[in-house]
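2 protein chains.
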Amino acid sequence: MSPHHPEVDVVVVGAGMAGLVCAHRLRSRGVGVLVLEAGPRPGGRTAGAEVDGEPVDLGGQFIGPGQDRVYALAAELGIATFPTYTAGSNVLETGTGRLRRFRGMAPRLGPVTLLDVAQARFRLDRLAGTIDTGTPWRSPDAAALDGQTLQSWIDRTVRTRGGRRFLALAVRAIWACEPGELSLLHALFYVKSAGSLSALTDFEGGAQQDRLVCGAHGLARRLAAGLGAGLLLDTPVRRIEQDDRGATVITEAGTAWRTGQVVVAVPPPLASRIAYHPPMPAVRDNLLQRLPMGSVLKYIATYPEPFWRTAGLSGAALSLRGPITMTVDSSPQSGRRGVLIAFVGGRAARDLATCSEAGRRALLLDALSRLFGPPAARPTAFVEQNWNDEPFTRGAYAAVFPPGTWTGPGSALRAAVGRIHWAGTETSPRWYGYIEGAVRSGELAADTVIRALRPRPPAPAGEAARPPS
Amino acid sequence: MSPHHPEVDVVVVGAGMAGLVCAHRLRSRGVGVLVLEAGPRPGGRTAGAEVDGEPVDLGGQFIGPGQDRVYALAAELGIATFPTYTAGSNVLETGTGRLRRFRGMAPRLGPVTLLDVAQARFRLDRLAGTIDTGTPWRSPDAAALDGQTLQSWIDRTVRTRGGRRFLALAVRAIWACEPGELSLLHALFYVKSAGSLSALTDFEGGAQQDRLVCGAHGLARRLAAGLGAGLLLDTPVRRIEQDDRGATVITEAGTAWRTGQVVVAVPPPLASRIAYHPPMPAVRDNLLQRLPMGSVLKYIATYPEPFWRTAGLSGAALSLRGPITMTVDSSPQSGRRGVLIAFVGGRAARDLATCSEAGRRALLLDALSRLFGPPAARPTAFVEQNWNDEPFTRGAYAAVFPPGTWTGPGSALRAAVGRIHWAGTETSPRWYGYIEGAVRSGELAADTVIRALRPRPPAPAGEAARPPS
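So the protein lines, in turn, are chains W and V. Numbers 1 to 469, taken from my numbering, label the letters of the first sequence in order. Numbers 1001 to 1469, taken from my numbering, label the letters of the second sequence in order.
Calculated from the structure, these hints are not laboratory results. Please read these numbers as outputs of a predicted model, since none were measured by experiment. Where a beta carbon is used, it is the ideal one built from N, C-alpha and C, also for glycine. Misleading hints may appear alongside valid ones.
Said to hold, decoys possible - Distance ranges between label pairs, derived from CB positions:
hint : chain 1 : residue 1 : chain 2 : residue 2 : range
1    : V       : D1141     : W       : R123      : 21 to 29 Å
2    : V       : T1135     : W       : R156      : 24 to 32 Å
3    : W       : T157      : V       : L1115     : 26 to 34 Å
4    : W       : P374      : V       : D1141     : 36 to 44 Å
Unchecked claim - Which bits of chain V does chain W cover? Going by a derived footprint, with three or more residues having C-beta under 8 Å, they are:
hint : region
5    : 1019 to 1033
6    : 1067 to 1079
7    : 1128 to 1139
8    : 1145 to 1151
9    : 1292 to 1303
10   : 1326 to 1337
Unchecked claim - Only some residues are given here: those of chain W computed to face chain V with a beta carbon under 8 Å:
hint : residue
11   : T94
12   : G95
13   : T96
14   : G97
15   : G180
16   : R273
17   : N286
18   : M293
19   : R350
20   : A381
21   : Q385
22   : D389
23   : G395
24   : R414
25   : G418
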């Protein structure tokens, strides 16, 4: 290796949860690691802020059963969890603005519509059961499933207009995109990757069951603190070169790090913006040309108290009228202050971007007050997090596969290219799109890199020389 | 402007046909222009080589009626055109390897299948007639058309298996992708942008009618020669900054050019890999996350003479068996030597990439000899052009819109961002994907930039002060 460059065993690009977990694990195994983060903070799609003195999550925040690795990580870091508040009624706002209270996950849509939605859920779950999450392109009927949008499936399968509208809302809530943007195969893969549709949508027993006392971003902060000088912020990587003896990771500022292995742990569209030498194989390049991120805005509104609870409401709401897709009670565990979070996903997230900030605030507060009454329009603080504008994230929750992608260049998603390995929630066959997927991908990347750094010792000479019997 | 940086009125990024035409036009209007090309040659998706002493086109090469600007450019540059060879029978290879000769554009598929295909073509043309190519997202029923793949439309509309297979082959020939990858709305837009399906598929009267005597790449070579020192090759741009007074275009090597206006004339996926400061608006960034290029390999096989002509064949063939999608006689005008070109588009282009070069050659020559007889297996020269591997093109013929893209962030495709303007065939409402689209986009960008550089003089004070009557 060149004496002119600083050297390190492994360079990890990106200090989102995947990169941090990967580096944490490598360190714990005695491997030297440097994490280069483009932005000014660690955490990636988890991000924290203090609002009215309370730590709030601007990004991913919920965890639930089956997400074993993130619970284990929280336990290891000494971060407690607590259940998301779910007591009381949820609210559905219809397209015409009427409010309907409901319990559990089956909103009052009228019996025919409800049956229609229930059947669609049943069919999606059953179809999802056929998907091989390790190699989705090899699932039965993969070409046909991947040659159509989820919208086409809904149009064929769901008979009622109300049912189609409700499912479109669910798609915006789950994937932060419109049903006409994603492949049916990807939707099924995603459901299977979490286990079932209920696992995706439910609070109790599902992916929204629990929260972390210091916010999910607390995980990232503690991991980052553990890395100390092994994490450089504000250090975008612009080029990765590979040669016979190693790799060189070159930052925007021109520093060139020599290393043995590289883990790129950034969202797929951003991985494509790093220059590679030698260039990436065509199949991987083509894959990264077609993995758009979902579009989502997250709003945090704080109140002196969770006033909706006294009205018998859980704080969870869905809106067919918009622009809000969904709200959740995100108050601190103590309940001494009220916090509502609201998501705007898919088309509405793009449309809102054309409004002024003040215009968006007015629209959102109006929507919140329709759902929870006039007090909702008078928050003590109101914070907007636009994930689509974040230059080193560029959308959320995750990349969404358009038709023809899994069965086209999809097999290139997880395959290492020489000394470059890929991590991030999108590379995980389990809990794709969730913090759990990021954690799993980081752990897997660390294990893979360790094997690559320490090739098995050659078999003893006697063994190797023994002719096959 | 900083005295430390070299300055120029306009910087054009990319010396494909769009960038070259733009620069040529700017120069002719007395505007100072510098073209920065990442690769070692001008021409972009047109590229030339000399094979057996004959100039051949490794990229785009055909032109046809309605492509007025490219004919005008050829005339201006003194480059003559001549008709593509079309005498004799075309050949269709069936999925089982049987050969069927046919004349014109209607292969012998059996009467029921043929009627099925004819009806599908009629319906596609009729639907395409409803599309507004300037603002496809505002076309009637745009959301529904854009929420499905072309495959879904074929599955619903085409009743015979043979018809569906033939249409899939046509999709590979036209878009270099599979029917399950592209939006129905995009397919209709593309058809309308050329005028009709016949305009896309036909030789005489269609987009494959004519060729250029020095090859289409001759246009690029002459334009590049005219720019002299105003064109820098091997100069990738990695960053474009904008401020109140101008823009700075920074190359991979670190040179920073100050300029008043910038035209980015590279394929959409590559435009996303330039770093922008301030960052691009979210809607444009999201658009560029989802505009994959088609996947195509082009082969050129030369022979002592066009032997197929004496057998009554035109040299044009379509194969349902693969891996070849389509062949065309590309012999020089003199006919003193035989040249066949073969395209492999869509999935087969990705699959072939997993073979060795020798393996691909063997597969291709076997396919050619099935179509044209044993002499086709013994070319005097055989050249492969893999557009998917080209680091500064990364696919061809053009970007293909997946579902949800035109009606999602599509409106950001052509909108200038401050001092940055976009050119390239993908930005053209007419002849998107063709050399003609590139030429038109370059001319339009030049005109737009000239207006931006030279704001209209303010109206005389008396005029401005006059109250409305």
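Results of checking the hints against the structure:
1. V/D1141 / W/R123: 21 to 29 Å: Given a distance of about 26 Å, which is inside 21 to 29 Å, the answer is holds.
2. V/T1135 / W/R156: 24 to 32 Å: Because 29 Å falls inside the window, the suggested range holds.
3. W/T157 / V/L1115: 26 to 34 Å: Since W/T157 and V/L1115 have Cβ atoms about 30 Å apart, the given range 26 to 34 Å holds.
4. W/P374 / V/D1141: 36 to 44 Å: holds, 40 Å
5. 1019 to 1033: With 0 residues close enough to chain W, the hint is violated.
6. 1067 to 1079: violated (count 0)
7. 1128 to 1139: violated (count 0)
8. 1145 to 1151: Contact hint for the region 1145 to 1151 of chain V vs chain W: holds, 5 residues under 8 Å.
9. 1292 to 1303: With 3 residues closer than 8 Å to chain W, the region 1292 to 1303 of chain V meets the three-residue bar; holds.
10. 1326 to 1337: It is violated, with 0 qualifying residues against the three required.
11. T94: violated, 20 Å
12. G95: Not OK, violated: W/G95 not within 8 Å of chain V, min 16 Å.
13. T96: violated, 20 Å
14. G97: violated, 22 Å
15. G180: holds, 3 Å
16. R273: holds, 5 Å
17. N286: holds, 6 Å
18. M293: holds, 6 Å
19. R350: holds, 6 Å
20. A381: It is violated, given that the least Cβ distance between W/A381 and chain V is near 24 Å, above 8 Å.
21. Q385: violated, 13 Å
22. D389: Holds: closest Cβ of chain V sits about 5 Å from W/D389, inside 8 Å.
23. G395: holds, 6 Å
24. R414: violated, 17 Å
25. G418: violated, 16 Å
The earlier numbered hints that this structure contradicts are 5, 6, 7, 10, 11, 12, 13, 14, 20, 21, 24 and 25.
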